[in-house]
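Go by the hints and put chain P onto chain C.
Protein chains: 2
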Amino acid sequence: MSTQLLKESRQWDTARRDKTDRMNSVSSLVNGNIIPSENITQVLEAVIRPGDRVVLEGNNQKQADFLSRALAQVDPEQVHDLHMLFPSISRPEHLDIFEDGIARRVDFAFSGPQAARVAQLVGDGTLDVGAIHTYLELYSRMFLDLTPRVALVAAVAADRQGNLYTGPNTEDTPTIAEATAFRSGIVIAQVNEIVDELPRVDVPAGWVDLVVEADSPFEVEPLFTRDPRKLTDVHVLLAMITLRGVYEKHQVTSLNHGVGLDTAAIELLLPTYGESLGLRGKICTHWALNPHPSLIPAIETGWVKKISAFGGEVGMSRYVAARPDIFATGIDGSLRSNRMAAQSAGLYAADMFVGSTLQVDALGNSSTVTAGRLSGFGGAPNLGSDSRGRRHPTPAWMDMAQGEGQLGIHRGKKLVVQIAETFNAGADPKFVEQLDAVAVGQKSGMSLAPVMVYGDDLTHLVSEEGVAYLYKTQSLDERRKAVAAIAGVTPIGRESRPEDVEQLRRDGVVAFPEDLGIDRAQANRNMLAAHSIESLVEWSGGLYEPPAKFRSW
Amino acid sequence: MSTQLLKESRQWDTARRDKTDRMNSVSSLVNGNIIPSENITQVLEAVIRPGDRVVLEGNNQKQADFLSRALAQVDPEQVHDLHMLFPSISRPEHLDIFEDGIARRVDFAFSGPQAARVAQLVGDGTLDVGAIHTYLELYSRMFLDLTPRVALVAAVAADRQGNLYTGPNTEDTPTIAEATAFRSGIVIAQVNEIVDELPRVDVPAGWVDLVVEADSPFEVEPLFTRDPRKLTDVHVLLAMITLRGVYEKHQVTSLNHGVGLDTAAIELLLPTYGESLGLRGKICTHWALNPHPSLIPAIETGWVKKISAFGGEVGMSRYVAARPDIFATGIDGSLRSNRMAAQSAGLYAADMFVGSTLQVDALGNSSTVTAGRLSGFGGAPNLGSDSRGRRHPTPAWMDMAQGEGQLGIHRGKKLVVQIAETFNAGADPKFVEQLDAVAVGQKSGMSLAPVMVYGDDLTHLVSEEGVAYLYKTQSLDERRKAVAAIAGVTPIGRESRPEDVEQLRRDGVVAFPEDLGIDRAQANRNMLAAHSIESLVEWSGGLYEPPAKFRSW
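Those protein sequences? They're chains C and P, same order as listed. Counting along the first sequence from 1, when you hit position 98 you're at 91 in my numbering, and nothing is skipped either side. Counting along the second sequence from 1, when you hit position 299 you're at 292 in my numbering, and nothing is skipped either side.
So here's chain C without its partners, still in its complex pose (with noise of 0.2 Å):
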């Protein structure tokens, strides 16, 4: 056959192209690659078209919210029937570009303040949901099959050859720019000011078009502190039954924690519990974590060796910058964040993930989705995973071997644990026969259910009855078994026979808390290294600086 024949005949650079022409069409409304302020929402009618695809930082902590408010803004006769990438949908106004039909279709991985209103406009018709990734996911599909056409992103500051400085939170800012900048794409940033040298470069003015000075400092939100008065004497059992049965028994050295209570009461008994128990130097070294304050008291004790931070945390900059031994830090002294490198970390470097959730059914599926809120999970589908093209073992990932292998040939597994009070504040049980998120998925008309962890992924499951070692369990009657065994006073828990409960803790698959030699009523919140935001000011030498609403004192 003749290679002219089949040949296409077409143009190969119809985005760059496309991408001048758009670019042309502002050069009146800015000042070289300076937007001033006032002309923001004439630019982005200008360089966003209808049906374009569009990433918004809408970030995990960090918001590009001058430019979602300026989005918000544009005449939808011009911009509309956009496809928004969103890893957070965090504000009112990146819902209400749907409502106005700015923007009709959304790829996103979190929405937890605006779950409730995400459902709904679902539930309208307003807002198509392609899907709910994970964090790792959503970034490696904007390198392949989701590549935007404008990125709108935040950073601290720029200079005027338009690099970015991001400071602490740089979380997945060079990420989204380098996905968007090399195909073609158009990045706008807008930054608190516009200075002649930055204190360090975290995206090269080469991957940013056009640079706006917001009118208010870019908000962020101190996402992963926990007030350590919340912690109550069943955080404390929780934690410690954790502590024993997962951390010591397997000898877990690097791991990531959920944002949950049931976590903070971990990191806080480390050097109180933890030290009684001769485990500092043995477990716990290794972190994929952003900058818990409730991790002060365990860094000033010397259990943490490395922390690998997704983004940053309020108030904890001067602290982090005080610790480079332990934080990735810049020439600047200030946190450098990467939340793609960090949750690649908590995939494939880290032995564990411990985390929280709002249901868990029979069989040890979880989801924080309930009914009437599409949430999302962000990293935990990702962290909460087995990782299956991991090949370096450790001592607490072969741990999880079961059998000799067939053909001479096993391996590891991750440890993924679940922390589950038999019952949420209020009187619903945590443990269900089966999640909302079913419901809620086939209302949506998603074809998966939103499920965060899935039980066949879940390793262990502990609540303040005890410990389900699942990854032990052969088969799913199992596996249901052990679930109940630890399920309490709930409807699963009281499916439970006393016979297949001994028969489980004789063959190791659950334990109880004084088969792991803990006096429940020893559980006390006085074991806590401390006990208010104020201790932890004091753990860390007055380096942490919580935001207002932490502060009673």
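To be clear, the hints were calculated from the coordinates, so they are not data collected in a lab. Do not rely on the hints blindly, as some may be mistaken.
Claimed, not checked - Pairs of lysine-lysine, DSBU-like flavour, derived with a Cα cap of 35 Å:
#1 Lys275(P) - Lys12(C)
#2 Lys436(P) - Lys275(C)
#3 Lys12(P) - Lys298(C)
#4 Lys299(C) - Lys12(P)
#5 Lys223(C) - Lys299(C)
Said to hold, decoys possible - Simulated coverage check for chain C against chain P, where a stretch passes if three residues somewhere in it have a Cβ under 8 Å from a Cβ of chain P:
#6 120 to 126
#7 169 to 179
#8 319 to 327
Heads up, the beta-carbon is just placed ideally off N, CA and C, and yes, glycines get one too.
What follows is chain P alone, placed relative to chain C:
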């Protein structure tokens, strides 16, 4: 308890102080941030200390060969017992340093060209292997528990501030530099030249401590070029079976190909056989792939929408630069590759991995490690594994979901395909009862056998006999029978009983060419869209410039 009693009295910036000390020690050997080329060995002797963890780029394609040669020249009395991190052990001096005592321990991902010598040095006790990783796993650990003290990387050019330009082979240079720089490590870059102004910035100057002009341009290997002349009728038959039995059946749009001849044949069949099946635009639109020359005809005939590249390919620069709608390119016009992002895309965004292997066992486990060769697997374990954190459905991925699920919960699975001709060239069977890798692992004292792709991740196995749909098998016994059914006259294949094979065909667990509408007699290399490198050059309109060793005209 008292806060003060528990707190450690310690310095928190030891790495930063140590870096300052090391940098001060070379002040008389350098001009600002520039190392005069002739001083390189002295500088390495001064900034690298015994026992350091050092990452050397030792990349899949691009080699910091000036720096590796200089490292091999340091005085082992001064610099010894290094812990090396190599994405790829590619060059002789990468191993000389172990023989000379300069280095002692290694963590790596790939060692193809040096596999025999690695096995030998391990056997001698000269080299301690930490683990053999997949690339993404090794980078992940650099951000957590294997943070480098010194990084030795390669770029095309630096400016006088120390910004780096990588050209198309960006690969993992920014990743390695970031992991090192923000942990107060020392980053040294060899460059082909130091210039006043860079075409673009791939690594900001703030991440680079010292720059040295190499005595010759860095080495880069054309690892992804397959000469169509080497493709046989059997490769074409394998490609036809895979196209119809896997790609067409599951309507796979996003994928990654290994570097085998089998997948090269598939690439070259798309514009011919694929076109005749009416599949253009329906399959194979998005690729996580290096710029394979054998994909040029498919690109030119409009099959390919986007490619996310791990690295570049020698000779493909002008072609890639002329196709920015397909490839990620920068303001300089040339490819920006990113090994970490493309590996992540291959894990989370691609529906399918298709690879080749040297051995496959009776349960579908596969490995390219054979007797006397510790080769490592590069990206294959990551790309060839199910991404269990994935939450976005596609038709192909959902096709792998088996059964109704439990409690309303199900999920899809990544398609992981191995193409395995029943016999390797020569006469040894590729299908074996047990992998040689098991014995090699035991002999090398590894706690895990070096498996490339695990059988329980494998969804499809293809031989010239047919396709085994392993994702449909319900038990290990059924999986073994399905593997045997397509294993031809190998010892494994001879185990197969005709009545089992017929049952598997009826159940759709195995399909033979006749079941797929393929006439074996039609499989002919004349069906390939190109039969030579010269023909690929013609397809590219002269933009592809193959290196001399591939030129025969």
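Earlier hints that do not hold, by number: none
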